[in-house]
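Chains as they are written, first to last, in the working numbering: chain Z, 462 to 765; chain H, 462 to 765; chain L, 462 to 765.
Just so you know, not all the hints are guaranteed correct.
One copy or two, it doesn't matter: identical chains are merged, so the pair holds either way.
In silico DSSO-like cross-links for lysine-lysine, where the CA-CA straight-line distance does not exceed 30 Å [stated by the list, open to error]: (1) K537 / K674; (2) K472 / K579; (3) K522 / K463; (4) K674 / K579; (5) K491 / K463.
Since the hints were made in silico from the structure, they are not lab data.
Here is what each chain is made of, one letter per residue.
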Amino acid sequence: MKITATGIATKSSSGEILDVFFPIINFDGKTTDIHSLGEVSSSKEIIEISWDESDLNSPVKDVCSAYLKLHLLSYKFVLPNSINLDGMFGALPNVAWTNHGPISIDEIDKKLLESKQKNINLYVRSLDKFPCLTDYIIPRNVRIADASRVRLGAYIAEGTTVMHEGFINFNAGTLGKAMIEGRISAGVVIGDNSDLGGGCSTMGTLSGGNDIKISVGENCLLGANSGLGIPLGNNCIIEAGLYITGGTKIELFDETNSSKGIYKGAELSGLSDLVFIRNSLNGAVIARPNKSSVELNTELHSND
Amino acid sequence: MKITATGIATKSSSGEILDVFFPIINFDGKTTDIHSLGEVSSSKEIIEISWDESDLNSPVKDVCSAYLKLHLLSYKFVLPNSINLDGMFGALPNVAWTNHGPISIDEIDKKLLESKQKNINLYVRSLDKFPCLTDYIIPRNVRIADASRVRLGAYIAEGTTVMHEGFINFNAGTLGKAMIEGRISAGVVIGDNSDLGGGCSTMGTLSGGNDIKISVGENCLLGANSGLGIPLGNNCIIEAGLYITGGTKIELFDETNSSKGIYKGAELSGLSDLVFIRNSLNGAVIARPNKSSVELNTELHSND
Amino acid sequence: MKITATGIATKSSSGEILDVFFPIINFDGKTTDIHSLGEVSSSKEIIEISWDESDLNSPVKDVCSAYLKLHLLSYKFVLPNSINLDGMFGALPNVAWTNHGPISIDEIDKKLLESKQKNINLYVRSLDKFPCLTDYIIPRNVRIADASRVRLGAYIAEGTTVMHEGFINFNAGTLGKAMIEGRISAGVVIGDNSDLGGGCSTMGTLSGGNDIKISVGENCLLGANSGLGIPLGNNCIIEAGLYITGGTKIELFDETNSSKGIYKGAELSGLSDLVFIRNSLNGAVIARPNKSSVELNTELHSND
Numbered sequence: 462m463k464i465t466a467t468g469i470a471t472k473s474s475s476g477e478i479l480d481v482f483f484p485i486i487n488f489d490g491k492t493t494d495i496h497s498l499g500e501v502s503s504s505k506e507i508i509e510i511s512w513d514e515s516d517l518n519s520p521v522k523d524v525c526s527a528y529l530k531l532h533l534l535s536y537k538f539v540l541p542n543s544i545n546l547d548g549m550f551g552a553l554p555n556v557a558w559t560n561h562g563p564i565s566i567d568e569i570d571k572k573l574l575e576s577k578q579k580n581i582n583l584y585v586r587s588l589d590k591f592p593c594l595t596d597y598i599i600p601r602n603v604r605i606a607d608a609s610r611v612r613l614g615a616y617i618a619e620g621t622t623v624m625h626e627g628f629i630n631f632n633a634g635t636l637g638k639a640m641i642e643g644r645i646s647a648g649v650v651i652g653d654n655s656d657l658g659g660g661c662s663t664m665g666t667l668s669g670g671n672d673i674k675i676s677v678g679e680n681c682l683l684g685a686n687s688g689l690g691i692p693l694g695n696n697c698i699i700e701a702g703l704y705i706t707g708g709t710k711i712e713l714f715d716e717t718n719s720s721k722g723i724y725k726g727a728e729l730s731g732l733s734d735l736v737f738i739r740n741s742l743n744g745a746v747i748a749r750p751n752k753s754s755v756e757l758n759t760e761l762h763s764n765d
Numbered sequence: 462m463k464i465t466a467t468g469i470a471t472k473s474s475s476g477e478i479l480d481v482f483f484p485i486i487n488f489d490g491k492t493t494d495i496h497s498l499g500e501v502s503s504s505k506e507i508i509e510i511s512w513d514e515s516d517l518n519s520p521v522k523d524v525c526s527a528y529l530k531l532h533l534l535s536y537k538f539v540l541p542n543s544i545n546l547d548g549m550f551g552a553l554p555n556v557a558w559t560n561h562g563p564i565s566i567d568e569i570d571k572k573l574l575e576s577k578q579k580n581i582n583l584y585v586r587s588l589d590k591f592p593c594l595t596d597y598i599i600p601r602n603v604r605i606a607d608a609s610r611v612r613l614g615a616y617i618a619e620g621t622t623v624m625h626e627g628f629i630n631f632n633a634g635t636l637g638k639a640m641i642e643g644r645i646s647a648g649v650v651i652g653d654n655s656d657l658g659g660g661c662s663t664m665g666t667l668s669g670g671n672d673i674k675i676s677v678g679e680n681c682l683l684g685a686n687s688g689l690g691i692p693l694g695n696n697c698i699i700e701a702g703l704y705i706t707g708g709t710k711i712e713l714f715d716e717t718n719s720s721k722g723i724y725k726g727a728e729l730s731g732l733s734d735l736v737f738i739r740n741s742l743n744g745a746v747i748a749r750p751n752k753s754s755v756e757l758n759t760e761l762h763s764n765d
Numbered sequence: 462m463k464i465t466a467t468g469i470a471t472k473s474s475s476g477e478i479l480d481v482f483f484p485i486i487n488f489d490g491k492t493t494d495i496h497s498l499g500e501v502s503s504s505k506e507i508i509e510i511s512w513d514e515s516d517l518n519s520p521v522k523d524v525c526s527a528y529l530k531l532h533l534l535s536y537k538f539v540l541p542n543s544i545n546l547d548g549m550f551g552a553l554p555n556v557a558w559t560n561h562g563p564i565s566i567d568e569i570d571k572k573l574l575e576s577k578q579k580n581i582n583l584y585v586r587s588l589d590k591f592p593c594l595t596d597y598i599i600p601r602n603v604r605i606a607d608a609s610r611v612r613l614g615a616y617i618a619e620g621t622t623v624m625h626e627g628f629i630n631f632n633a634g635t636l637g638k639a640m641i642e643g644r645i646s647a648g649v650v651i652g653d654n655s656d657l658g659g660g661c662s663t664m665g666t667l668s669g670g671n672d673i674k675i676s677v678g679e680n681c682l683l684g685a686n687s688g689l690g691i692p693l694g695n696n697c698i699i700e701a702g703l704y705i706t707g708g709t710k711i712e713l714f715d716e717t718n719s720s721k722g723i724y725k726g727a728e729l730s731g732l733s734d735l736v737f738i739r740n741s742l743n744g745a746v747i748a749r750p751n752k753s754s755v756e757l758n759t760e761l762h763s764n765d
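My request is simple: use the sequences and hints to build the entire structure.
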């Protein structure tokens with residue numbers, strides 16, 4: 462496997478690379494739509510990278526390789542959790558992403574003062590190691606209502622809509638058309654035709670000390686303000702407002718409404734065709750077979 | 462009834478209309494504050510529309526009529542749910558809303574590359590069919606802390622504050638002064654003096670396959686991270702963190718604390734003076750009479 | 462105590478002061494990094510302020526003193542809840558914060574029309590009394606993923622990361638390195654090494670009619686979509702999805718798992734080393750000793 466990429470880097474006045482835009486990538490024969498950089502401003506630096514498979518499997522070693530790996534994910538050349546991203550946080554500098562482009566943290570105070578003196582408006586959109594996806598790549602047939610909530614490194618399948626309350630971290634995303642009004646944490650993937658309701662939460666592996674990768678299968682619905690700390694199979698529903706973690710004790714019922722016993726959430730990982738609810742008369746969390754199917758509203762999900 | 466409107470359309474380089482700004486509307490004798498367009502850049506197109514009542518009741522037929530209907534809602538000439546919005550999603554193109562204005566999805570890759578070559582900062586604020594309200598209309602006596610979270614087509618009464626976590630979809634909004642720190646889904650209206658707590662959810666009719674229009678009456682409080690799937694009357698409270706849907710089984714108590722039986726949420730639709738809580742000792746969701754009243758903090762809600 | 466400050470005010474065309482940027486402050490001998498304004502555009506106005514301690518303890522009297530107090534908080538010269546902020550809402554005008562800088566609400570309609578006529582893109586980022594922190598002050602060693610969600614007047618300790626779903630109001634913030642993916646309401650402070658999970662809520666004193674100041678001690682974890690209406694001590698955990706208020710009835714258990722009785726949340730205010738969960742078999746909210754400790758992911762929290 463051979464990967465070549467050509468990019469344009471922004472540098473601070475002290476020569477630090479702040480970001481790299483890679484419009485030209487050849488990934489083992491598959492290519493991006495752009496094939497020539499054209500004339501580039503002398504304040505920018507051209508970056509050329511040539512990799513083989515071992516580079517994908519090695520930790521991130523500098524800002525250029527960090528940006529290339531994030532581009533590979535967002536161009537959908539590689540799936541989330543399929544390449545080595547160790548060292549990403551260390552390799553990426555914290556940057557002031559402004560309405561005038563990326564500015565080094567070391568220079569932002571001076572630039573801000575100048576902008577007020579001269580009455581030129583400068584403002585910071587984000588102070589972060591990761592930029593927004595759409596500053597670099599515009600995925601086809603996708604809607605992202607608030608672009609500030611999807612990081613470069615997100616993997617977004619065609620037909621996906623990310624509403625204002627939706628969020629997608631790097632190394633995470635959707636494998637098919639999905640309606641995302643909740644938060645997809647780093648490492649989490651959502652299957653085709655699934656719906657993450659407004660404000661719902663998926664637990665990431667970065668912050669929780671959790672070693673299990675969370676995922677959502679196909680045709681699932683996570684209700685508004687619900688939460689998920691286990692992998693789900695297909696055709697599952699979590700009721701609005703209910704948070705299921707690996708430690709939640711859940712009574713499982715079969716199709717005849719007979720109890721099959723009490724399980725921890727982690728023991729139900731990856732099962733399909735379950736509805737998770739909290740009985741509103743006695744507070745018990747239960748799971749029962751899903752007899753209905755989730756159908757997305759066709760008009761609402763049109764992204765043409 | 463007669464409606465006339467004059468607007469300014471932005472076109473892509475292939476001639477596709479991306480958006481229309483209608484500063485001049487005469488709605489059956491009531492008018493907007495602006496009465497003349499003045500000189501308009503040759504890259505823009507002037508749009509003139511003349512409608513009667515049947516046009517309000519007909520489906521949306523093209524991008525210009527879509528934008529006019531959204532303007533009618535946001536200028537508060539018509540209430541949410543009072544005009545025909547069928548076909549809205551089909552009529553609106555998906556657009557890249559950038560810091561340099563709307564750009565066609567077909568042209569955004571080229572523009573993005575150019576901006577990096579020339580070191581001119583271009584970024585996408587949103588990839589969506591609907592633009593932000595405040596790109597077109599600034600409602601009087603209203604605060605909107607994060608303008609990216611209120612779509613054109615929102616109906617916002619004077620005295621309303623929309624905090625950073627608030628969200629208002631098109632064909633939805635507030636009928637009086639309200640504090641909005643939660644999400645108002647499409648089709649949902651909130652009454653005077655009501656308060657939607659941080660992160661609370663109202664179920665829309667678009668995504669849930671739900672045919673019942675959700676609404677909140679006057680003097681209601683939806684607690685932080687709560688949720689609502691039924692219409693509420695006046696003077697109701699939903700406790701922080703509690704999600705009430707049409708299917709939630711709720712024990713109803715009277716003023717003497719006697720049980721009046723168990724009802725589905727849908728059976729309590731539209732009732733006034735109720736407090737919904739989950740008993741924290743036994744997990745049961747109950748409703749009881751609301752003896753207090755919700756008073757908004759006067760200083761906090763000042764928008765002058 | 463002596464405080465002197467020099468700032469640059471933006472004025473509307475009618476002479477109203479819209480905001481003041483104070484890069485130069487001497488707070489009782491401690492100073493900001495900038496010591497000279499340099500040449501300032503004639504459209505701006507220079508503001509000089511000289512205060513003693515009584516001014517900190519007096520209500521906010523005009524827009525300049527409002528901005529100075531907000532700067533004192535965000536430069537971390539004073540702690541949240543330590544100076545008199547009465548009158549802040551009345552002193553601050555509602556302003557259209559645009560990509561071309563602050564514009565008076567009285568002039569925004571005209572400017573918006575002009576921008577459409579001339580094909581110059583103007584858009585409103587926020588209609589609010591409070592601006593974004595990072596339009597004025599860039600805190601060191603801090604990440605703020607979405608700058609629109611942190612108001613000027615926020616107090617943010619070094620090492621803090623505010624993720625996209627995080628929010629920090631004025632007169633609120635973090636006292637040490639913290640991971641903020643939830644909402645810090647006005648008046649709320651978060652201790653060192655604590656973690657606010659995605660979408661979690663802290664109750665403010667402004668909106669709830671609540672007189673008790675909420676705070677979170679050190680080494681605490683508020684789970685995703687949880688909520689807090691009481692002050693917490695150190696080493697506490699609130700389970701994901703659980704909302705604890707002053708009125709929540711909670712059964713307290715000791716280390717031998719013996720019940721110590723039922724308490725209202727308010728009665729547990731400020732206690733340390735507690736885990737709050739809702740028993741998923743019977744819906745009862747309980748508190749028990751915290752035997753584990755919360756450790757933040759070191760790489761994730763690197764802000765260098």
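Exercise. Within a copy, between copies, both or neither: where do K674 and K579 come within 30 Å Cα-Cα?
Worked result: Result: close neither inside a copy nor across copies, 50 Å intra and 41 Å inter.
Exercise. Can you tell me if K522 and K463 fall within 30 Å by alpha carbon in one copy, between copies, both or neither?
Worked result: within (18 Å within a copy, 50 Å between copies)
Exercise. How do K491 and K463 come out at 30 Å by Cα distance, when the copy is not named: within, between, both, or neither?
Worked result: within (10 Å within a copy, 57 Å between copies)
Problem set entry | Alpha-carbon proximity context of K472 and K579, limit 30 Å | Cα proximity of K472 and K579: in one copy and across copies (24 Å, 14 Å).
For this session: Up to 30 Å between alpha-carbons, please classify K537 paired with K674: within, between, both or neither.
Result: Answer is within; shortest intra-copy Cα gap is 19 Å, inter-copy 39 Å.
Consistency note: the structure conflicts with earlier hint 4 alone.
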